[in-house]
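What follows is the residue order along each chain.
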Amino acid sequence: MKQILILLTLCMATFTYAQDELPNVRLETLDGATTTLNELASDGNVKIVSLWATWCVPCLKELDAINEVYEDWQDETNVELIAVSVDDSRTVKRVKPLINGKAWDYTILLDTNNDLKRALGAATVPLTLLVKDGKIVYRHSGYNPGAEYELYEKVQEHSK
Amino acid sequence: MKKFLVGIALLGSSLLFAQDKGYFYGGLESNSQWLLDDDGLPFIAPDEAFRSNNYFQLNYAYGDFSAGVQYESYLPNALLGYAPDYDGGNGIATYFLNYRDKSLDVTGGYFYEQFGNGLLLRTWEDRQLGINSALHGLRVKFSPTDFIDLTGVYGQQRVGFELSEGVIQGLDAAFDLGSALKTGEVDLRAGVSYVGRYQDTNANDTIPSTVNAYSARADFVIDKFYGGVEVGYKEEDVIANEGLFDSDRLYDGTALQVNMGYAQRGLGINATFRRLENFSFYSDRTVEGNQFNQQLINYTPALTKQQDYMLTNIYVYNAQPRLLTEGFEQRAGEVGAQVDVYYSFPKESPFGKVNTKIAGNFSYWGGLETEFNEDLSYDVKFIGDGDRYFRDINFEVKNRWSSAWSTVATFQSVIIDKGVSLGGPLGVQGDIKAITGVGEATYRFGKGQSFRFALQHLWSQQDRGNWAAGVIEYSPNSRLNFFIADNFNYQSIDGDFETDSQFEDPLHYYNIGGSYSKGRTRFSMNYGRQRGGLICVGGVCRFVPESNGLNMNLVVTF
Chain E
137 MKQILILLTL CMATFTYAQD ELPNVRLETL DGATTTLNEL ASDGNVKIVS LWATWCVPCL
197 KELDAINEVY EDWQDETNVE LIAVSVDDSR TVKRVKPLIN GKAWDYTILL DTNNDLKRAL
257 GAATVPLTLL VKDGKIVYRH SGYNPGAEYE LYEKVQEHSK
Chain X
4 MKKFLVGIAL LGSSLLFAQD KGYFYGGLES NSQWLLDDDG LPFIAPDEAF RSNNYFQLNY
64 AYGDFSAGVQ YESYLPNALL GYAPDYDGGN GIATYFLNYR DKSLDVTGGY FYEQFGNGLL
124 LRTWEDRQLG INSALHGLRV KFSPTDFIDL TGVYGQQRVG FELSEGVIQG LDAAFDLGSA
184 LKTGEVDLRA GVSYVGRYQD TNANDTIPST VNAYSARADF VIDKFYGGVE VGYKEEDVIA
244 NEGLFDSDRL YDGTALQVNM GYAQRGLGIN ATFRRLENFS FYSDRTVEGN QFNQQLINYT
304 PALTKQQDYM LTNIYVYNAQ PRLLTEGFEQ RAGEVGAQVD VYYSFPKESP FGKVNTKIAG
364 NFSYWGGLET EFNEDLSYDV KFIGDGDRYF RDINFEVKNR WSSAWSTVAT FQSVIIDKGV
424 SLGGPLGVQG DIKAITGVGE ATYRFGKGQS FRFALQHLWS QQDRGNWAAG VIEYSPNSRL
484 NFFIADNFNY QSIDGDFETD SQFEDPLHYY NIGGSYSKGR TRFSMNYGRQ RGGLICVGGV
544 CRFVPESNGL NMNLVVTF
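Residue numbers (this note's numbering), protein chains in the order written: chain E, 137 to 296; chain X, 4 to 561.
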């Protein structure tokens, strides 16, 4: 009972003071180097951070759909998409051939030990974040066709 | 434990009024089901018809420090098919305190870690599978230079709300040789790992109290080519099956995994070969091969494609790394390979104009060719001609015809050993052969509305015969989604359901549901029948019984 009380207190505190900081978690690039989202997202532009996996159908649909309009988005807002794969060692070897086979132009990072996924409390993928100046300004989980337009409206809103 | 909690609470509350000094993050996940009687399946709902798995995770980060707790409850019981260790459980399941700077990373409490490909060690959480194998103890990561990473772990694995009997210690060293040797264009990495398990032998001298395992790995990238290899060795240990030792004889184990690929814009190819001989590794030797995947130290998932559709997920492979020596079933492991190809047609080409993308996958997995001797020793070939466990050939073609219409066509031909798919000994019950075709179309209209349709058919002369399935999904906007689906097992093997003892009539597995997702919250709900069988996530499977009921899921992240 005591435990539950303490938890509830913490819970309340959380909802009141939850800050949208980017978790300071180490991620791997496709070359095996280490980086963090903070290092990549500190140039003042809006970044889309998408947690995805090679086995996640809605993730692939979302990233395919954005890829069709990605050039226009970049021209208009300088937005950059960072696609963080949460594939574990079973499927992580598929990431490189898949992104090439799909001809995606995103920055790809690997979260093989799922540290970022846990830090963001992401129970499922896709999870899409908008990040500006190291803060998460918008988030959406799941993908329905057309959700990319709403995402882009948010990108435009925060690019001003 | 209590002190730790109070500490966290104090830490939390003391910082409540100093907002700029740190931040909270975490999430809540709640998965519940209400089981209902169903004469058609047939399924009789258990007395505890309502079941619920809940996870509440709260973390706090402050400068170089972070800490967190995860509270879990499985009340009144865990969802159907979960390990009984969880039933009725509730309490703080994991917690951690972490310090991290540029070269040092120290974690006390529960942590998740993986060495290399996971052949020796991987502790992880998958809530859908009911797996949480976090180690409870201490982890230290140290990077003395830019090109060396050292990791040491010590602890006991979590089992339900308890800890395993076995004590795990491990060391991993990873070297970025490319940077160290300045190889320029060539990227080269290498690593070595050690994992040891100590377990009391209850004064049985023939069993080693400590079993050690070693591995070495190397990975390279040269321009568009890349590849890697990892070899593993596990010292001698007794073999247990369903909690009992097969004999006093000790056996060692080996593993080899080789991966090669090629990737350029528009084309990607990847091939993986793996051979596992007696390479399952558990925290507690007596739970070897348990069906709930509890206390697994290493990670040897099925290296096959995770299929996307209901009917292509009926006959799925589950890796077979174990050695069994008992008379009625003797086998030593598995060997096989898979190849993936991804290709996008260039935009100018006729196929490129309709955005054609193709993906193909082939996999073959079989048992090791093994001869067992009278004294239960065995001779094994490196590859040989063992029993075929699984073969899959599949490809899909994706097109975007216009901004409104896109389609996916999928074909799969699968052969699976009945033992792998349905249970029982492998290699003696015969095969199931199935061919599946799927057509899917998505139509978008208005502002963010869409319809998705999928038609599926599976042809088979074995097991439960033919299936037809359909899905219709409607999204009025990006937040809402509704679906209705049916898998229809309409014709048994000889066209006569009377001969099939378990499934006497053509059977519909219908489902209806929807989801709502906004910002930090996602809620979904569905009602219908659950087909019994293996549910696999990331190549690891758990068995779920047939059931009927209402399911609800809520996820909130913050």
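Check each hint, because a few of them may be wrong.
[As the list claims (entries may be wrong)] Keeping only pairs whose Cα atoms sit at most 30 Å apart, straight-line, the calculated DSS-like set for lysine-lysine is:
#	chain 1	residue 1	chain 2	residue 2
1	X	K384	E	K271
2	E	K290	E	K268
3	X	K227	X	K436
4	X	K521	E	K271
5	E	K268	E	K296
6	X	K450	X	K401
7	X	K356	X	K421
8	X	K421	X	K350
9	X	K521	E	K290
10	X	K24	X	K105
11	E	K268	X	K105
12	E	K271	X	K227
13	E	K296	X	K24
14	X	K384	X	K356
15	E	K271	E	K296
16	X	K436	X	K384
17	X	K384	X	K350
18	E	K290	X	K450
19	E	K268	X	K24
20	E	K290	X	K24
21	X	K384	E	K296
22	E	K268	X	K185
23	E	K296	X	K227
24	E	K271	X	K105
25	X	K144	X	K105
26	E	K268	X	K227
27	X	K521	X	K450
28	X	K401	E	K290
29	X	K24	X	K521
30	E	K271	E	K290
31	X	K401	E	K271
[Said to hold, decoys possible] Pulled a few chain E residues facing chain X out of the computed Cβ check, cut under 7 Å:
#	residue
32	D167
33	N181
34	W191
35	P194
36	K229
37	A239
38	N249
39	S277
40	G278
It should be emphasised that the hints constitute simulated quantities derived from the structure, not laboratory data. Cβ coordinates follow ideal geometry from the N, Cα and C atoms, glycine included.
Right, here's what the structure says about each hint:
1. Between the alpha carbons of K384 (chain X) and K271 (chain E) the distance comes to roughly 56 Å, so the proposed pair goes past 30 Å and is violated.
2. Proposed proximity of K290 (chain E) and K268 (chain E) is supported: the alpha carbons are some 12 Å apart, at most 30 Å.
3. Taken as a hint, the K227 (chain X) and K436 (chain X) pair is broken in the structure, with Cα atoms around 37 Å apart against an allowance of 30 Å.
4. Between the alpha carbons of K521 (chain X) and K271 (chain E) the distance comes to roughly 19 Å, so the proposed pair stays at or under 30 Å and holds.
5. Of the supplied pair hints, the one linking K268 (chain E) and K296 (chain E) holds, its CA atoms being roughly 11 Å apart against a limit of 30 Å.
6. Restraint check: the Cα-Cα separation between K450 (chain X) and K401 (chain X) comes to about 23 Å, which is no more than 30 Å; the hinted pair holds.
7. A hinted pair counts as satisfied when its Cα atoms are at most 30 Å apart, and K356 (chain X) with K421 (chain X) does not qualify at roughly 44 Å.
8. A C-alpha spacing of about 44 Å is found between K421 (chain X) and K350 (chain X), which places the hinted pair above 30 Å, so the restraint is violated.
9. The straight-line distance between the Cα atoms of K521 (chain X) and K290 (chain E) is roughly 13 Å, inside the 30 Å bound, and the hint therefore holds.
10. For the hint pairing K24 (chain X) with K105 (chain X), the CA-to-CA distance comes to about 20 Å; that is within 30 Å, so the pair holds.
11. Pair hint K268 (chain E) plus K105 (chain X) holds up; C-alpha atoms about 24 Å apart against a cutoff of 30 Å.
12. Pair hint K271 (chain E) plus K227 (chain X) does not hold up; C-alpha atoms about 35 Å apart against a cutoff of 30 Å.
13. With a C-alpha separation of about 28 Å, the suggested pairing of K296 (chain E) with K24 (chain X) holds against the 30 Å cut-off.
14. Among the hinted pairs, K384 (chain X) with K356 (chain X) is inconsistent with the structure: their alpha-carbon atoms are about 50 Å apart, more than 30 Å.
15. Annotation: proposed proximity of K271 (chain E) to K296 (chain E) holds, straight-line Cα distance about 16 Å (limit 30 Å).
16. Distance check on the hinted pair: K436 (chain X) and K384 (chain X) sit about 27 Å apart at the alpha-carbon level, within 30 Å; holds.
17. Restraint check: the Cα-Cα separation between K384 (chain X) and K350 (chain X) comes to about 48 Å, which exceeds 30 Å; the hinted pair is violated.
18. Distance restraint check for K290 (chain E) and K450 (chain X): the Cα-Cα separation of roughly 15 Å lies within the 30 Å cut-off, and the hinted pair is therefore satisfied.
19. A hinted pair counts as satisfied when its Cα atoms are at most 30 Å apart, and K268 (chain E) with K24 (chain X) qualifies at roughly 20 Å.
20. Taking the CA atoms of K290 (chain E) and K24 (chain X), the gap is near 28 Å; set against the 30 Å cutoff, the hint holds.
21. The hinted pair formed by K384 (chain X) and K296 (chain E) fails the criterion: a straight-line CA distance of about 66 Å is larger than 30 Å.
22. Restraint check for K268 (chain E) and K185 (chain X): not satisfied, since their Cα atoms lie roughly 35 Å apart, outside the 30 Å limit.
23. Between K296 (chain E) and K227 (chain X) the alpha-carbon distance is near 39 Å, which puts this suggested pair outside the 30 Å criterion.
24. This hinted pair checks out: K271 (chain E) and K105 (chain X) have alpha carbons roughly 22 Å apart, not beyond 30 Å.
25. Straight-line distance between C-alpha atoms of K144 (chain X) and K105 (chain X) comes to about 11 Å, which keeps the hinted pair within the 30 Å bound.
26. Distance hint between K268 (chain E) and K227 (chain X) is unfulfilled; the C-alpha atoms sit about 33 Å from each other, more than 30 Å.
27. Only pairs whose Cα atoms come within 30 Å are accepted, and K521 (chain X) paired with K450 (chain X) is accepted, the gap being roughly 17 Å.
28. Annotation: proposed proximity of K401 (chain X) to K290 (chain E) holds, straight-line Cα distance about 29 Å (limit 30 Å).
29. Among the hinted pairs, K24 (chain X) with K521 (chain X) is consistent with the structure: their alpha-carbon atoms are about 29 Å apart, no more than 30 Å.
30. About 14 Å separates the Cα atoms of K271 (chain E) and K290 (chain E), which keeps this hinted pair within 30 Å; it holds.
31. A distance of roughly 36 Å separates the Cα atoms of K401 (chain X) and K271 (chain E); the hinted pair therefore is violated under the 30 Å criterion.
32. For D167 (chain E), the suggested interface contact is upheld, since its CB lies about 6 Å from the closest CB of chain X, less than 7 Å.
33. Proximity of N181 (chain E) to chain X is violated relative to the hint, the smallest CB-CB distance being about 22 Å (cut-off 7 Å).
34. Proximity of W191 (chain E) to chain X holds as hinted, the smallest CB-CB distance being about 4 Å (cut-off 7 Å).
35. Hint on P194 (chain E) is violated. Least Cβ distance to chain X is approximately 10 Å, over the 7 Å limit.
36. Restraint check, K229 (chain E) versus chain X: the minimum CB separation of about 5 Å is within 7 Å; hint holds.
37. With its C-beta approaching chain X no nearer than about 5 Å, A239 (chain E) sits inside the 7 Å limit, and its interface hint holds.
38. Taken as an interface hint, N249 (chain E) checks out: its beta carbon lies about 5 Å from the nearest beta carbon of chain X, inside 7 Å.
39. With a least beta-carbon distance of about 5 Å to chain X, the hint placing S277 (chain E) at the interface is held under the 7 Å criterion.
40. Interface hint at G278 (chain E): satisfied, since its Cβ lies 4 Å from the closest Cβ of chain X, which is below the 7 Å cut-off.
The structure fails hints 1, 3, 7, 8, 12, 14, 17, 21, 22, 23, 26, 31, 33 and 35 (numbered hints given earlier, in ascending order).
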